[in-house]
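Peer 1: Those protein sequence lines, which keep their order, are chains D and H.
Number 42 in this note's numbering belongs to position 31 of the first sequence; there are no gaps in the numbering.
Number 1688 in this note's numbering belongs to position 256 of the second sequence; there are no gaps in the numbering.
One or more of the hints may lead you astray.
To be verified - Have a look at the derived ranges for each label pair, beta carbon to beta carbon: (1) D:I66 <-> H:G1591: 30 to 38 Å; (2) H:K1644 <-> D:G60: 40 to 48 Å; (3) H:S1846 <-> D:D35: 21 to 29 Å; (4) H:A1856 <-> D:V104: 44 to 52 Å; (5) D:G60 <-> H:G1591: 54 to 62 Å; (6) H:F1465 <-> D:Q70: 14 to 22 Å; (7) D:C19 <-> H:A1856: 17 to 25 Å; (8) H:D1848 <-> D:V104: 32 to 40 Å; (9) D:M12 <-> H:Y1526: 50 to 58 Å.
As the list claims (entries may be wrong) - Derived pair list, reagent style DSBU-like, types lysine-lysine, alpha-carbon separation capped at 35 Å: (10) H:K1486 <-> H:K1511; (11) H:K1486 <-> H:K1503; (12) H:K1585 <-> D:K86; (13) H:K1644 <-> H:K1565; (14) H:K1481 <-> H:K1491; (15) H:K1815 <-> H:K1565; (16) H:K1893 <-> D:K86; (17) H:K1474 <-> H:K1815; (18) H:K1491 <-> H:K1474; (19) H:K1609 <-> H:K1503; (20) H:K1815 <-> H:K1772; (21) H:K1644 <-> H:K1821; (22) H:K1745 <-> H:K1815; (23) H:K1745 <-> H:K1486; (24) D:K86 <-> H:K1511; (25) H:K1815 <-> D:K112; (26) H:K1815 <-> D:K86; (27) H:K1585 <-> H:K1565; (28) H:K1565 <-> D:K86; (29) H:K1893 <-> H:K1821; (30) H:K1503 <-> D:K112.
What the hints assert, rightly or not - One side only, chain H facing chain D, incomplete, derived with CB under 8 Å: (31) L1810; (32) A1814; (33) P1890.
For the record, the hints were derived by calculation from the structure and aren't laboratory data.
Computed from a predicted model, the values in this text were never measured in an experiment.
C-beta atoms are modelled at their ideal positions from N, C-alpha and C, and glycine is treated no differently.
Listed here are the chains, written in short residue letters.
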Amino acid sequence: MTEIVDICTLQDLPPGAMRLVEYDGLEIGVFNCAGTVYAIEDRCSHDDGPLVEGILDQQACTIECPRHGALFDLKTGNPRTLPAYQPVDTFPVIIDNDLIKLEVE
Amino acid sequence: MSTTTNVPVTAPVLTENEQLAQINSDYTERYGFHDAENYLYKAPKGINKEIVEKISEFKSEPQWMRDFRLKALEHFFAKPQPTWGSPMLAEVDYDDIHYFVRASERAERSWDDVPEDVKNTFDRLGIPEAERKFLSGVGAQYESEVVYHQVNKDLEAQGVIFMDMDTALREHEEIVKQYFATIIPANDNKLSALNSAVWSGGSFVYVPPGVKVEMPLQAYFRINTESMGQFERTLIIADEGSYVHYVEGCTAPTYSANSLHSAVVELIAKPGARIRYTTVQNWSTNVFNLVTKRAVAETDATVEWVDCNLGSKLTMKYPSVYLTGERAHGEILSIAFAGKGQHQDAGGKIIHAAPNTTSNIFAKSISKDGGRGSYRGLLEIAKGAHGSKSKVVCDALLLDEFSRSDTYPTIRISEDDVNVGHEATVSKVGEDQLFYLMSHGISEEEASKLIVNGFIEPITKELPMEYAVEMNRLIELQMEGSIG
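Bound conformation, chain D alone:
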């Protein structure tokens, strides 16, 4: 069943910012990439390390795993470089007035 989860206002997550959201056992990274907000599983599919501690590239719209450098596409969750080779889950983002919300299954 899909649930809508309130995250924060856009002012609280300006371009270039990212944050970890924990909801119902899920750990989700929420990223403001040059004004567009994306949400992906906060887990590198290579060795399960956290992604929100990595480097966000707003131009390429990627997050770099801080542990071994795998790059993940924030739009699709697909890895763009090894050593990760499996995608991570993505979550639809809703901007409701000024509020960032996520659709979580």
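With chain D held as given, fit chain H onto it using these hints.
Peer 2: Same frame as chain D, but now just chain H:
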């Protein structure tokens, strides 16, 4: 590499000490010589932001590469020195290394244009001769940069690109940018971060769809100066249905101070392509050889690593293949020979990331005179890679009671419908084997050589003939005087 010398069938009778002293006795003569340093530029020892900026400036690189280097340097400083592998790693002193040495202005296409002493070095190593006889192309790197590069005109006409990495960045920036560091990111490990910050030289190969490069392409890497760091970067892309065999060799003079060789090698085999990458590593025993090599094999593609490690003080190298497309095949054939004071920590990794993929890892190590040979490997079958098959065989041969062999195999399987086999053996040269051969009139030393040659034969037979001959000769030299 094609020159050979005749090894006498019957070795003279020597005392044990004389025999031990004889091991590698011709390394200095054949490979361990060094030239006077007539360099255009030699960076002071140590690594910092200024050195990295200087390298980028020397090469007139685009801004994105300069940024890539500087970010990699931050990763290098942030990552701790690995504590696994070998205790010898603690001896690596990053402040006691020259990170960039320029010997010539550019990569020449004629040996006549290469600086004379550098050309003489490669003549002594037999590279121009090998090029004439059996190679499709040659790259020769001296210190930090490639001094000579040439590729067969017919291949060039078919669209094959084989050039040094620095030139490729200038002439084919878009292809380089598309693939560079996608297989091995700068932040993959401390040594890949170091390479990414200070890389220089190495080869770039692109083979167009359907083109088969029948004769090997070869790169030869030579360190000349003391306390030198060589950080070449190689990227090979075999487009759909193509084939290429790339061979690399390496040597250095023997010095009391340590040198560091830390390459990054990325291979991309597109659907149906095949890449074979052969290494005959014979660094002098003052070189730390810490290399990251990784390949991706897409649908129906094949990648083979043939990895022979004879030299160096410490080698840590685990070539890997990610089988990302259905029916892709990966093969790792590894020989390591650890003599006195050496640790060969070698092996390989295969990741089955797609269904019906297949792989083999065959690793052989020989240890003598207190040398240490380690096999370290990973075989992973990911969820969804059903129908995959793999076989891992690692064998170690100990030639005396002072030597050491370790095996560190890791197997992770996340799928039910797979077929995985693993075999490992450790053996000594058996009294009964020696007795059998000696009863046929063969000397103890010759018998021992025969046993070792038989042990490594499954791998040397995969080498091109010229390299197999050289490999057997090198092993025989290592074996000289091994019977005390």
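Peer 1: With reference to the structure, classify each hint as holding or not holding.
Peer 2: Hints and how they fare:
1. D:I66 <-> H:G1591: 30 to 38 Å: Once the Cβ atoms are compared, 37 Å apart, the range 30 to 38 Å for H:G1591 and D:I66 holds.
2. H:K1644 <-> D:G60: 40 to 48 Å: Given a distance of about 41 Å, which is inside 40 to 48 Å, the answer is holds.
3. H:S1846 <-> D:D35: 21 to 29 Å: holds (25 Å)
4. H:A1856 <-> D:V104: 44 to 52 Å: Holds - the Cβ-Cβ distance for H:A1856 and D:V104, about 50 Å, lies within 44 to 52 Å.
5. D:G60 <-> H:G1591: 54 to 62 Å: The hinted range 54 to 62 Å is violated for D:G60 and H:G1591, with Cβ atoms some 41 Å apart.
6. H:F1465 <-> D:Q70: 14 to 22 Å: Given a distance of about 50 Å, which is not inside 14 to 22 Å, the answer is violated.
7. D:C19 <-> H:A1856: 17 to 25 Å: violated (54 Å)
8. H:D1848 <-> D:V104: 32 to 40 Å: Given range 32 to 40 Å: holds, Cβ gap about 37 Å.
9. D:M12 <-> H:Y1526: 50 to 58 Å: holds (55 Å)
10. H:K1486 <-> H:K1511: At roughly 23 Å apart (the allowed maximum being 35 Å), H:K1511 and H:K1486 satisfy the hint.
11. H:K1486 <-> H:K1503: Distance of about 15 Å is within 35 Å: holds.
12. H:K1585 <-> D:K86: violated (44 Å)
13. H:K1644 <-> H:K1565: The given pair, whose Cα atoms are some 19 Å apart, holds under the 35 Å limit.
14. H:K1481 <-> H:K1491: holds (16 Å)
15. H:K1815 <-> H:K1565: Violated, at roughly 47 Å.
16. H:K1893 <-> D:K86: violated (48 Å)
17. H:K1474 <-> H:K1815: violated (50 Å)
18. H:K1491 <-> H:K1474: Satisfied, since the Cα-Cα distance of roughly 14 Å is no more than 35 Å.
19. H:K1609 <-> H:K1503: It holds: about 16 Å lies between the C-alpha atoms, which stays within 35 Å.
20. H:K1815 <-> H:K1772: Violated, at about 43 Å.
21. H:K1644 <-> H:K1821: holds (27 Å)
22. H:K1745 <-> H:K1815: This hinted pair is violated, its Cα atoms lying about 39 Å apart.
23. H:K1745 <-> H:K1486: Distance of about 30 Å is within 35 Å: holds.
24. D:K86 <-> H:K1511: Cα-Cα ~29 Å, so holds.
25. H:K1815 <-> D:K112: holds (32 Å)
26. H:K1815 <-> D:K86: holds (23 Å)
27. H:K1585 <-> H:K1565: With a Cα-Cα distance of about 15 Å, the restraint between H:K1585 and H:K1565 holds, given a limit of 35 Å.
28. H:K1565 <-> D:K86: violated (52 Å)
29. H:K1893 <-> H:K1821: Distance ~24 Å between H:K1893 and H:K1821 Cα, so the pair holds.
30. H:K1503 <-> D:K112: holds (33 Å)
31. L1810: violated (11 Å)
32. A1814: holds (7 Å)
33. P1890: With Cβ-Cβ at 29 Å, over 8 Å, it is violated.
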